[in-house]
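**Q** Sequence:
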Amino acid sequence: MLFGLHQRTSSLKAQGIPLLTLDSEPPKSHSFLAPLSLAATSSSVDGNQYHPVHKSGSIAEAEELDDADFETIDILAMATTPEVKRDSSQNTYEPDHEQMALDPRPLTPPNTILSRLKGEIDPKDATFPLTLFCFMTGFIDSVSFSAAFVWCGFQTGNGTQLALALARLFEGPPGHRDQTFHNADQLALTSILTFAFGAFLGRIGDRLGNKTRLWLVLGTFLQALFTMAAALTVWRSGSPSISDSRGDPVWTNALAFVTVAFLSMSLGLQGIMGKRVNTQFTTTIVLTTTWCELMTEPSLFKRGYHPARDHKIMAIVVLFVGGFTGRALIDQLGSAGTLGVGAGVRTLIALAWFFVKGKETK
54 MLFGLHQRTS SLKAQGIPLL TLDSEPPKSH SFLAPLSLAA TSSSVDGNQY HPVHKSGSIA
114 EAEELDDADF ETIDILAMAT TPEVKRDSSQ NTYEPDHEQM ALDPRPLTPP NTILSRLKGE
174 IDPKDATFPL TLFCFMTGFI DSVSFSAAFV WCGFQTGNGT QLALALARLF EGPPGHRDQT
234 FHNADQLALT SILTFAFGAF LGRIGDRLGN KTRLWLVLGT FLQALFTMAA ALTVWRSGSP
294 SISDSRGDPV WTNALAFVTV AFLSMSLGLQ GIMGKRVNTQ FTTTIVLTTT WCELMTEPSL
354 FKRGYHPARD HKIMAIVVLF VGGFTGRALI DQLGSAGTLG VGAGVRTLIA LAWFFVKGKE
414 TK
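Residue numbers for the sequence shown follow our numbering, so the first one is 54 and each next one is one higher.
Calculated from the structure, these hints are not laboratory results. Each hint should be verified, as a subset may be incorrect.
[What the hints assert, rightly or not] The following label-pair restraints were derived from C-beta to C-beta distances:
hint : residue 1 : residue 2 : range
1    : N331      : P227      : 51 to 61 Å
2    : P227      : D363      : 49 to 59 Å
3    : D178      : V374      : 21 to 31 Å
4    : R356      : R289      : 50 to 60 Å
5    : L401      : Q232      : 40 to 50 Å
6    : F408      : D363      : 14 to 24 Å
7    : G390      : A307      : 16 to 26 Å
8    : F234      : K177      : 40 to 50 Å
9    : A216      : I166      : 43 to 53 Å
Positions of the beta carbon are idealized from the N, C-alpha and C atoms, including for glycine.
Full structure from sequences and hints, please.
**A** Put into structure tokens, the structure is as follows:
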């Protein structure tokens, strides 16, 4: 039996089935079992001899089946007949979901407070809060200088003052030199160190985004907290607000030093925030560079509105107004009351950052 199966699965040529029908031969039946019958009756094809196959009972019965028992498949008709649609009840395709996934239109971000805080401002529209930054520089420096002759924002003067204090150690003959660390020099050193620490806090903006509303609001509100802390500290110290002599500061106790520290930290943080916004107001603190750039500005004598020139002039004028306003309030409210007003102004600046327009998306 195994030999018979082996013979049935041999090549068509060995079974005597011609690959092409000759013209002289009559057409054969299209039955699928016809080749098997031919192979069973022939004994040679092209001189190739083979033994006839002895079929078992089951295989012989299968060969005796008629062609009607099989279904005729028209391959050409199947190739040209369109595919029959599937039953709609079994169709799980949802075109709406695919269309939504392939929709090229960008999604509009939700207009929420958090999304607005995370957005960046347009520096061109930040003129108002930056102008108030310049105002606060003059305002706070007027308070510290009136009582202690120290600039909490202008560290160039404080650095020079420390250099002069160091030079005094070598003045006069040995044994008669002034080796005292004067109160004004101590305040200058305190201002420099705490100003640098406040500017260092500006590195938080590198994480949150230097031009995001979140950082600008948060950083300005932190300045307001420093200013309020300075107001409470100087009020608690009980120190006078105005010194009568240039060489005799009235802020001498420890709480007065803490007051200078808080004011210097607030201006250090303000300076780095203004610098990172990158406008014509620069740091909103140091005006030496602003004066130099203004004098060399190409649009200095041109008519019309030129931000490169006008914003520099605005920074100089507003800082002057801030110093004048601060000194006028000291006479009426004292140092603590004046700094309390300054804390309120800085809170308003923090809120103003929230309403600055953002950059236009292209």
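**Q** Any hints this thing doesn't respect? Which numbers, in order?
**A** Every hint satisfied by this model.
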